[in-house]
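What follows is the residue order along each chain.
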Amino acid sequence: MSDIQRVPWWRDRRVVPWLVQGAVGLAILVVIALLLGNLVRNLTAAGLLLTWRWLGQPASFDVAESLIPFDASMPYWRVLVVGLVNSLRAIVVGLVGATVLGTAVGMAAFSGNGLLRRLARVYVEVIRNIPLLLQLLFWYFVVFLALPNSTAAFQWPGVVLSKSGLYLAWFAEGFQWQGPTLVNDVWRAPLRLSVEFSALITGLITYTGAFVAEVVRGGIASVPRGQWEAATSLGLHWSATMRTVVLPQALRVIVPGLNSQYISLAKNSALAVAVGYADLYSVSETTLNQTGRALEVFLLLLGAYLLIDLVISVLMNGVNQLVQIRER
Amino acid sequence: MTSSSPPLLPPRPAPPSARRSWRGALRQELFATPLDGVISVLLLAALLAAGVGFWHWAFRQAQWAVIQANTTLFAVGRYPLPQQWRLWLLVALAAVTTGASWGLLRSHPRADRSGTLWPFNDLVAIAVLAFLAAWLPAALKLPVPLQLRWWAITALLLVLRGVAGQWGGLVPRRLLRFLPLFWPALYLFGMVLIAGGLGVPRVPPSEWGGLLLTLLMASFAILLSFPIGIVVALGRRSSLPLLRWSSVLYIEFIRGAPLITLLFLGQNILGYMLPGGWAPDRVWRAAWVLTFFCGAYLAEAVRAGLAAVPVGQLEAARSLGLSMPQALRHVVLPQALQIALPATVGQFISLLQDTTLLSLIGLLELLGTARTVMANPEFLGKNAEVYLTLAVLFWCCCAALGLGSRALELRLNPSHSPT
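Residue numbers (my numbering), protein chains in the order written: chain A, 8 to 335; chain B, 2 to 420.
Be a bit skeptical, because a hint or two may be false.
Unchecked claim - Over the 10 angstroms line for every Cβ pair with chain B, so calculated as not near, a few chain A residues: (1) Ala-176; (2) Gln-234; (3) Ala-237.
What the hints assert, rightly or not - Cross-link-like lysine to any residue pairs, in silico, SDA-like; alpha carbons within 25 angstroms at most: (4) B:Lys-383 to A:Thr-110; (5) B:Lys-383 to A:Ala-159; (6) A:Lys-170 to B:Leu-212; (7) A:Lys-170 to B:Asn-377; (8) B:Lys-383 to B:Leu-212; (9) A:Lys-170 to B:Lys-142; (10) B:Lys-383 to A:Thr-213; (11) B:Lys-142 to B:Ser-320; (12) B:Lys-383 to A:Ser-171; (13) B:Lys-383 to A:Ile-134; (14) A:Lys-170 to B:Pro-378; (15) A:Lys-170 to B:Ser-324; (16) A:Lys-170 to B:Glu-379; (17) B:Lys-383 to A:Phe-148; (18) A:Lys-170 to B:Ala-63; (19) B:Lys-383 to A:Arg-21; (20) B:Lys-383 to A:Val-149; (21) B:Lys-383 to A:Asn-266; (22) A:Lys-170 to B:Ala-50; (23) A:Lys-170 to B:Gln-64; (24) A:Lys-170 to B:Ala-93; (25) B:Lys-383 to A:Gly-299; (26) A:Lys-170 to B:Gly-54; (27) B:Lys-383 to A:Leu-258; (28) B:Lys-383 to A:Val-100; (29) A:Lys-170 to B:Gln-62; (30) B:Lys-383 to A:Leu-152; (31) A:Lys-170 to B:Phe-55; (32) B:Lys-142 to B:Ala-93.
Think of the hints as simulated: they come from the structure by calculation, not from any bench. Glycine is no exception: its CB is placed at the ideal position from the N, C-alpha and C atoms.
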């Protein structure tokens, strides 16, 4: 019995995994070494090797709107922070708006009203099949730039909409509620949103709203029919059924889906560059054109968006734990 | 619940049985309760106002000359005029292949299904094609020779479909298996026709544009990202840590960054990473970025499909003596890909939409061409007309992909009975 056929070493189950991993690892290493080697060599030749000193030099370009004080004599890092803050502003407003719109439309898909139900369907199908960039350009060039001048602006209580921006009532100094006022044919208001910002968030909200609506619809559809029937037979109305019985159970399915929609909204906000809103990507592009520091700018962009994604994921995971069923 | 017991609903009259009349249906759908009635009336009024407003704009105010005067630009960009016969040839070949495939599929109903599939949809498709061919060239005010060409191409497609549908049964099933090979062959031949080579003069990628460039970019990325997605998905589910971690790293890197920053990487940094002279043209660089971008998202779709296949399938295949690659190829992947089909097509649809981002890095695909047209002083301020046209075009392409995906899903589903 001495000559039990020995498995050749290249078919030994203890060896094969290491062979495969070794080969793949080697291939990856070679490719990375090749790419990085070239990168270092070419960047050295161009005098652009990784350095962060340029961040302290004056930016010498202005941005149209900023939440923190900024002028062209301030350094590059400051302009990047301005862009980041502008991005965050668009993302936060977009998230809230898309959630509200999407939830409303998603719930409308279960309305007893046939017209409302079909309109919700049409909205989702129209929006999802048209590129976001096209929608953003449409909102900016066709809708917002075609608004009337200040003197002929659309006026509602507390809201004024004209070619120069969206003016909203808000708390002025000393916590006084103050609406927009016309001074010398120019509107003044405690809160002014530029047309670029308005077009961006309108586009982001309507686009992401359609995807959120699908997530919400899927979540509600996952609640067993018996829950509806039980709630109705207890005498609850449609809205009470939705609010107290269906939505709490649907949230378990909805929240993980929302997470990915929120992250894609955050990434889509980089399309602000198309409508001239000074977001992080837009100011980064200008920075690149002025300094030629492609690699550093790219690394900063990548880091910033990864961080934003991470924050959204962590927050949504927290929310997810809140809405999960607590079993004994 | 508060202490008072919930009010009992008054006993309802028995629902009127078989209320099938349209008035009954209308009342049920729109005016079931007073609130529903108010909502319905308001919505109807808003819809009516929007419809009338749009009608007025589209037929009174809008000036469609901006589209009619630039059809060539929108279709192929600055592709040199003397070489455009190649594109016509390609379209004609595509029409021939489509017509033949369509007819042959008709005349060879699947063995496991009795009769033909969707005869009604077949008629609808023919009617839509005929209508488009008759109406579009005229509506776009194409020169008469071009209109004639479109008519001839459509006629070719429909005639071939008719011929193959009528007499295709004479073609033996053995030969029919080679039918799917026509499409990749046509694609490769089309690439040669478009780019040149093999005896025809070269047309550099910088001269491609419009719809041609959009479709090329999307199809290239879709075709090549598919194998990438499968390999990376398998890697991510592998038990070998190195494969798993490198796949995870790739997927998370791509999915963490906005596409526009990756295109930025492709345009500004990729050139530094490759040895001198290796870096492809700007157009191809963007195409590769799109491919790797789509590959990461596809990997997630395929991974979900793989996760849905029970482990027992792989174990059973292995215990039958199949090697790992054989088990994956014949047992696991066919099931996983079928489950992943809707997500995959969804990804392709979003890739088609993402090609518009190429206009932001200066490529003249459909949206880039549109923006150059609108920068022309002659057509200044015609944003609404152009954007609306593009939106309709994209909507039709994406909706058609979605419909096709749903039809394929039904067809692949073994438990679905034929209709």
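- prompt: CA of Lys-383 of chain B to CA of Ile-134 of chain A, is that 25 angstroms or under?
  reply: Holds, at about 22 angstroms.
- prompt: Hey, Lys-170 of chain A versus Ala-50 of chain B, does the alpha-carbon distance stay inside 25 angstroms?
  reply: Between Lys-170 of chain A and Ala-50 of chain B the Cα gap is close to 24 angstroms, so the pair holds against 25 angstroms.
query: Going straight from one Cα to the other, do Lys-142 of chain B and Ser-320 of chain B come out at no more than 25 angstroms?
result: Distance of about 66 angstroms is beyond 25 angstroms: violated.
- request: Quick one: work out the minimum CB distance from Ala-176 of chain A to chain B and report holds if it exceeds 10 angstroms, violated otherwise.
  value: holds, 26 angstroms
Agreement of Lys-170 of chain A and Gly-54 of chain B with the hint, judged by alpha carbon distance not exceeding 25 angstroms: Holds: Lys-170 of chain A and Gly-54 of chain B sit about 21 angstroms apart, inside 25 angstroms.
query: Regarding the assertion that Ala-237 of chain A does not contact chain B, is the least Cβ-Cβ distance greater than 10 angstroms?
result: Consistent with the label, Ala-237 of chain A stays out of reach of chain B, its closest Cβ about 13 angstroms off (over 10 angstroms).
- prompt: Does Glu-379 of chain B lie within 25 angstroms of Lys-170 of chain A when you go C-alpha to C-alpha?
  reply: holds, 24 angstroms
- request: For the pair supplied as a hint, Lys-170 of chain A and Ser-324 of chain B, confirm whether the alpha-carbon distance does not exceed 25 angstroms.
  value: Violated - the C-alpha atoms of Ser-324 of chain B and Lys-170 of chain A are around 68 angstroms apart, more than 25 angstroms.
- request: For the pair supplied as a hint, Lys-383 of chain B and Arg-21 of chain A, confirm whether the alpha-carbon distance does not exceed 25 angstroms.
  value: This hinted pair is violated, its Cα atoms lying about 69 angstroms apart.
- prompt: Keeping to a limit of 25 angstroms between CA atoms, is the pair of Lys-170 of chain A and Leu-212 of chain B held or broken?
  reply: violated, 33 angstroms
- prompt: Taken at face value, is the distance from the CA of Lys-142 of chain B to the CA of Lys-170 of chain A at most 25 angstroms?
  reply: violated, 35 angstroms
Holds or violated: Lys-142 of chain B to Ala-93 of chain B, with C-alpha atoms at most 25 angstroms apart: Roughly 21 angstroms separates the two Cα atoms, so the pair holds.
When held up to the earlier numbered hints, the structure conflicts with 4, 6, 9, 11, 15, 19, 21, 24, 25, 27 and 28 and fits the remainder.
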